[in-house]
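Novice: Residue numbers (this note's numbering), protein chains in the order written: chain A, 1 to 95; chain B, 96 to 421; chain C, 422 to 899; chain D, 900 to 1399.
Heads up, a few of these hints could be off.
[Stated by the list, open to error] Only pairs whose alpha carbons sit at most 16 angstroms apart, straight line, appear in this in silico EDC-like list of lysine to aspartate or glutamate:
{"id": "1", "chain 1": "C", "residue 1": "K570", "chain 2": "A", "residue 2": "E91"}
{"id": "2", "chain 1": "D", "residue 1": "K1261", "chain 2": "D", "residue 2": "D1200"}
{"id": "3", "chain 1": "C", "residue 1": "K570", "chain 2": "A", "residue 2": "D95"}
{"id": "4", "chain 1": "C", "residue 1": "K570", "chain 2": "C", "residue 2": "E615"}
{"id": "5", "chain 1": "D", "residue 1": "K1004", "chain 2": "D", "residue 2": "E1255"}
{"id": "6", "chain 1": "D", "residue 1": "K1204", "chain 2": "D", "residue 2": "E1264"}
[What the hints assert, rightly or not] Taking beta-carbon pairs under 8 angstroms as the criterion, some of the chain C residues facing chain B (in silico):
{"id": "7", "residue": "L533"}
{"id": "8", "residue": "T536"}
{"id": "9", "residue": "N549"}
{"id": "10", "residue": "S566"}
{"id": "11", "residue": "L567"}
{"id": "12", "residue": "L597"}
{"id": "13", "residue": "G601"}
{"id": "14", "residue": "T622"}
{"id": "15", "residue": "L690"}
{"id": "16", "residue": "L714"}
Everything labelled a hint here was simulated from the structure, so no lab data went into it.
By construction, the Cβ of each residue, glycine as well, lies at the ideal position given by its N, Cα and C atoms.
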Amino acid sequence: MLTAQLLYGLTGCLIVALGLRTVLLHASLLHRVVAINVLGAGVFMILVAIAYRGPGVPPDPIPHALVLTGIVVAVSATALALALARRLTAEQSND
Amino acid sequence: MNTTGLLVFDGLLLISIVSLAWSALASPDARRSVILFMAFGLVLAVAWGRLLAPDVALAEAAIGAGLSGALLLVAVGEQSNRALQDNALRVSERNALRVRATLQWVITILCVALAATLAWALVHALDRATNERLAQIVSENLAASGVSNPVTAILLNFRAYDTLLELAVLLTAVLGILALGTARPDYQRTGPVFDGLARWLVPVLILTAGYLLWVGAHAPGGAFQAGATLAAAAVVLRLAGERSIGLPQAGALRVILAAGVGMFLVVGLTLLLLGRPFLGYPPAWAGSLILLIESAAMLAIAATLVLAFLGGRPPAIAVNEENNRC
Amino acid sequence: MTDALIWLVAMPLAAALATLLLPRHASVVVIITGVVTTLAGGILLFAVGTQGALSYEIGGWTAGLGIALRADGLSALLLLMTALVMLAASIYASAYFSKAVERARFWPLWLLLWTSLNALLLSGDLFNLYVTLELLGLSAVVLASLGGKTAAVAAALRYLLVGLLGSMLFLAGVSLIYAGYGTLDIAALAHLIEPGPVTWTALALMTAGLLLKTALFPLHFWLPPAHASAPAPVSAVLSALVVKVAFYLVLRLWLDVFAAVVTGAAANLLGVLGAGAVLWGSWRALRAERLKLLAAYSTVAQLGYLFLFFPLLQALPSGPARDAAVGGLVILALTHGFAKAGLFMAIGVIQQRCGHDSIRDLDGTAQRLPATTFAIALAGVALIGLPPSGAFLGKWQLLAGSFATGQWLWILVTVAGSLLAAAYIFRVLGHAFGHQAYPQRPVTVAREEWPALVLTAMAMVGLGLAGAPVWRLLEGGL
Amino acid sequence: MNLDTWLPLLVVASSLLPGLVIFFLSESSHWLRTALNLTGAGVKLVLVGVMVWGVFHEHSYETRWTLAPGLDLVLHADTLSVLFVSLSTVLWLVTTVYAIGYLEKSPHRSRFFGFFSLCVSATVGLALAGNLFTFVIFYELLTLATYPLVAHRGTPEALRGARIYLAYTLGGGALLLVGTVWLHVLAGPAPFVEGGILHRLPAEYHAQLRVIFLLLIIGLGVKAALVPLHGWLPRAMVAPAPVSALLHAVAVVKAGAFGIVRVVYDVYGVNFADELGLLTGLGIAAAVTIIYGSIKALSQDNLKKRLAYSTVSQVSYIALGTAILGPVGTIGGIVHLVHQGIMKITLFFAAGNYAETLGIHKVSEMNGVGRRMPMTTIAFSVAALGMIGVPPVAGFVSKWYLGLGAVEAGMAAWVMPVLIVSSLLNAAYFLPVLQRAWFRNPGSAWPAEHIPAARFETTAALLWPPVVTATLALAAGLFAAAPYSPLEWAELIAQREYGL
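Same shape as in the complex, but just chain A (with noise of 0.2 angstroms):
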């Protein structure tokens, strides 16, 4: 186990925790979009710390992989969240 392997996943680790925390408990949906960004930033923390093998040693490169396509479907989440928000506030102000 490495230094930095350890440091960098406890990190991920209180991350997700932080982001969890605001998506349970902020009422607004934009803190929670942006706790979930978080949250899945933590876990992609975790991944990447994974597959750190030390300086000068090639890492792992399924967990980059794995985040890679997490950062992405991340995105599109997001994006989808945003345009909800949008219809919604179009539809209430038609109410």
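Please build the complex by placing chains B, C and D on the supplied structure of chain A, with the hints as guidance.
Specialist: This is chains B, C and D only, laid out in the frame that chain A set:
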């Protein structure tokens, strides 16, 4: 850098990551919160670089921080988007206020417990460290994958199926955005300085995109980063006031949106019909097929991201379509 | 034969593109895809029945390095149900959306949803499952929002956030598994798995994420508004299939991949939550004023029954009694799928013909649409769990397992839930007997009424009387 | 195709298939619907005839279909099932004719006759059920098929009656189901075998078996209207007359009583049930019900309600016969299953005729009706006298055997008083009705005369069914000793149950 120096660097980086995350989430002001989130993303990108994950760093900077941030920032900027800022999602606000204080504590404790459990599990997991084997297999098979960048090999060959479905996720999102509504009203035209900048910036971005696509085969880069860069070019155009921003008309736009998944399927199913496994590229052709798929994917990603940014169809191509729902 | 696995994913996906590019011919494309996919599902089921579990390595890479698709009895059964329900719902939807614009929007997303359902059921890789979950979640959200009104959009937004949270928790669990075991292939993992902090935490995270998605009490809060405000064909598949495949994944993890490390206490916890779902969901369904809300709360309750099986399966030693219980669980899930899809479609007919779905004002409605009322009755009987529905066999096994393991509480819950279900179903059916004008012919709008009738009859008679192969297909599985 | 394995299924299908087709007929296809109904009933009659002959000659008919591992749907013809099947089939045919006369002009005919056919299919199914699992399936189906019939008129009163009916029967059904599953877990599939199967279980199960018995009997007692589970029956009176006839004589209460007979004789075994001390409780419940139902009937002015309470009372004779250990008591109980059915259906047909022809719903409106509607009233009188137990009508035979059986079993001390008191009460609530009908002068006008007197006192389809069933009731008493008579058949059943 010596180990102590590295440790100090790690410490500072992690502290800034945590504090940026914390302040992004804690800031009551939406715009501030988004800007802090973008900063968080950029620092993360540095961290990915530090952990020898340049592909991830590029993607994080372009998409995670850049595009997500831009999307959020624009959304916050819309004065009309009340739903985003007020508390429309709360089930019953009055009740929520009353139990809020207690709830806050309960959830905080829960989250602390979660972090602790996660950490505990992660420490044990790292202790086991059995994942050398799979990385080994990847590098053994890299030669047959058609590319030399292992991340690209995984994304477009070994686990190409993931990427296919990921493109389907993107397609779903953009179809959703199109189904949900029309584009935002136009921006104020920016000043002449920006116009001048745009005239330079756009070609550079397009070239960069092409380079990223090509270089992905053996170095950090690939369709997603390239697509994001291409999208950035369109965003710049849009900010400069260009209405159609280079997007084609509705029919052709649909073709482009479908291109990513479509090319994947065409290649996969053709191979299947030729008696090979689905997406089982012949090693000799693998490099070219991957580039073919990636090119199509880049266009689709770029179009998707631009549409996501516009929040719907740009007015120039909006089909006249009333919402006559019952 | 194993090619059927990849075709089951590729076909709806290709059809999604086809409907996007050729909106004018979309209905034809969808129906052809539906028929062919259903046939493929049937072939797959037959193949699994004769040859045992099948797998397909995508790209020719061995599982682990690459991704394998796998089908055993459980996934093949759910795949065929998905195909049948989606086919019926497609026929229904082609009549439900009267405007070309609506249909053009609807079909590609509908087929993407179908793709995700099949992909999830076939996936043999934990990270790939995460991607399919996201595809499922996003397409379901967009479809749910197509109702367009404030309620639908707000519900869809909440549905999206809950779904994203669920996927992220799932992904966190997957990361831990990869960190600890160095593989994402679930078949390999099932052999490696051993108790310990990594396994427990990962399982807890993945389960928590999936329970959010399958709306197990008390995480069900998002389901009733989302399912009740979506367009009827969408509600039908959300309730019948979308929550069901998330449940499938829980089942897969608990009874297959992680079976060796699951403890009795954990299974009991799921059972208690299931009991809460049965009682609370049924009670809310009884109090609902709108038919769609009733159906949605009934989904919450019905999912609860499925979770009551976990403590039983944990306590039963492997052998015929346990196999019988597993079959009961699966047949209950299948019956609910058919019945609930038919129910939502029938409610949709009422909503469209009569402009409302308020239970109090049903009097004339039920008279005007005899076939639809009949479909509601069939679905209702299946939801109560009366014979000859498949649910009767399922609940029989639930009761038998409870007696065999001495877990009396679940008996009370099952009986109470079934009686509550009878109360809320017959509260609706009581409106079918007024003396308002009625049509000469029982079926008035064929393309919308027949799919519901066929699906509910499938739940009632098909699974009830011809359900025995379900047990045979599951042999040696979970 | 082997007739031995298909015959039970065909007997059920002969009403089920026409029923399903009828649902989808348009309202105006009067002739097609009638043809389907009568063809189904006729075919069933022929098939059952074959079956009766076969069972008498110890032929075995069994349809078996696996629903799940260890859970077989079994339709099996034995002496007891054939008795009930024959009763249902004959009475269904008559009731169908009656229902066509009664309802063909009212709305929702396709729905009505569809459920009507389902109802009799369920009854025949539970009669032929070869194990408790199959019995439960058809028992619940019967509930489902009768609910729409009770609610058919759609008035608030009808809906209320139907709701109460449903609450009782589904509640009872749940208990029956729980008991059945429990038994299944303890003893495996519970096939109906003459003499029962449970005596083979070790003694440590006996306590559980007692609880299961209680669950089963409560579940069945709801349909059999055992006090205090009878509340639905008087309220279900709002249903159209043919439905009442069906509920009281052919299907529902009979299903409950038949179930009790099955559980006592063919699951537990009557000797084993006695060994567990279960029969006394059942006997007391039956006795209480007999007396209570009769007393309640006394005070009802509404004719159908009076008949309903009479049913509560009379059906418990069957349970009483079951509780009396020994072949003679058994014969009395089982033969009453048939006799009560024939007599009670006659009474309900007659009551329906009064209501439909003259608008008479109350006993107090019946003055002199015998002169206006002599044939109907003669039928009514025969059946009523039979209920009291006047020879030579069928009811006398039942009571005779019950009394004799009680003496043989040494239970005369309490059974005889019950029989005597209940007969007196029967007389007390039926004789005044007959006295009014025959010997009082009619008032100036009938409450609402719908059908004028023409060649017959009412329409043919309404008139002939009660006449036929009254004749049957008389014949069952007069020719009780003839081969294939209900009594002879009950004796055959008792022989096989007790292994004589």
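Novice: If a hint holds in the structure, say so; if it does not, say that too.
Specialist: Okay, the hints, checked on the actual structure:
no.	hint	result
1	C/K570 / A/E91	6 angstroms, holds
2	D/K1261 / D/D1200	5 angstroms, holds
3	C/K570 / A/D95	9 angstroms, holds
4	C/K570 / C/E615	49 angstroms, violated
5	D/K1004 / D/E1255	12 angstroms, holds
6	D/K1204 / D/E1264	14 angstroms, holds
7	L533	5 angstroms, holds
8	T536	6 angstroms, holds
9	N549	6 angstroms, holds
10	S566	6 angstroms, holds
11	L567	7 angstroms, holds
12	L597	5 angstroms, holds
13	G601	4 angstroms, holds
14	T622	4 angstroms, holds
15	L690	16 angstroms, violated
16	L714	15 angstroms, violated
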